[in-house]
Amino acid sequence: MTEPSPTPTPDLSEYQLGESVGYLLSRVKSTMSNLITQRSMAELGITSQQGSILFMVASGKCLLAAELAREYGIDASAVTRLIDRLEKRGLLTRVRSNEDRRVVRLALTPEGHAIAARMPGIFNGVLDNLLSGFTPEEVGFLKSMLRRVLVNSGEQTGLTRDAASNSDGKS
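Those letters in the sequence shown? Residues 119 to 289, by the working numbering.
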């Protein structure tokens, strides 16, 4: 049996985690999610992920569990558990399609719609705090760069490479 190495290998000790774009993106995502959860729990009694799912269903972007799984990059069983919790709370329902009985669409209850309608205010409030001190041009540039990353990944964003690099910075 070998003893664990007391010091990191040279490759690891030279790697500056704080300079890694991937690490920074991950930390920003985690921070945003935690801050949104703090607000949404205090104001609405739901997590950021639950609120985000309600918003995605309300907006029409994701009406099927499989679409939610793709959007969030999580497995179908995790989405099913999230939907189960939201359904149990009376915030959404599953509706079997009349055209194809295999298809089960998600629909919000009136309470689910009310919560979904409040999520953009929470999202924007958290982002306003995180982006305080940024100029509108800097925010636009940041969004443009993030869109380019998504285009480079092959993710279906509805943007072409040209559109991603020529963003006007609005919204």
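Take these hints with a grain of salt, some might be off.
To be verified - Only pairs whose alpha carbons sit at most 30 Å apart, straight line, appear in this in silico DSSO-like list of lysine-lysine:
no. : residue 1 : residue 2
1   : Lys147    : Lys206
2   : Lys261    : Lys147
3   : Lys179    : Lys147
4   : Lys179    : Lys206
5   : Lys206    : Lys261
Hints are computed from structural coordinates only; laboratory data are not their basis.
These are the hints, each one checked on the structure:
1. Lys147 - Lys206: Holds, because 28 Å separates the two Cα atoms, which is no more than 30 Å.
2. Lys261 - Lys147: Distance ~14 Å between Lys261 and Lys147 Cα, so the pair holds.
3. Lys179 - Lys147: holds, 21 Å
4. Lys179 - Lys206: holds, 22 Å
5. Lys206 - Lys261: violated, 36 Å
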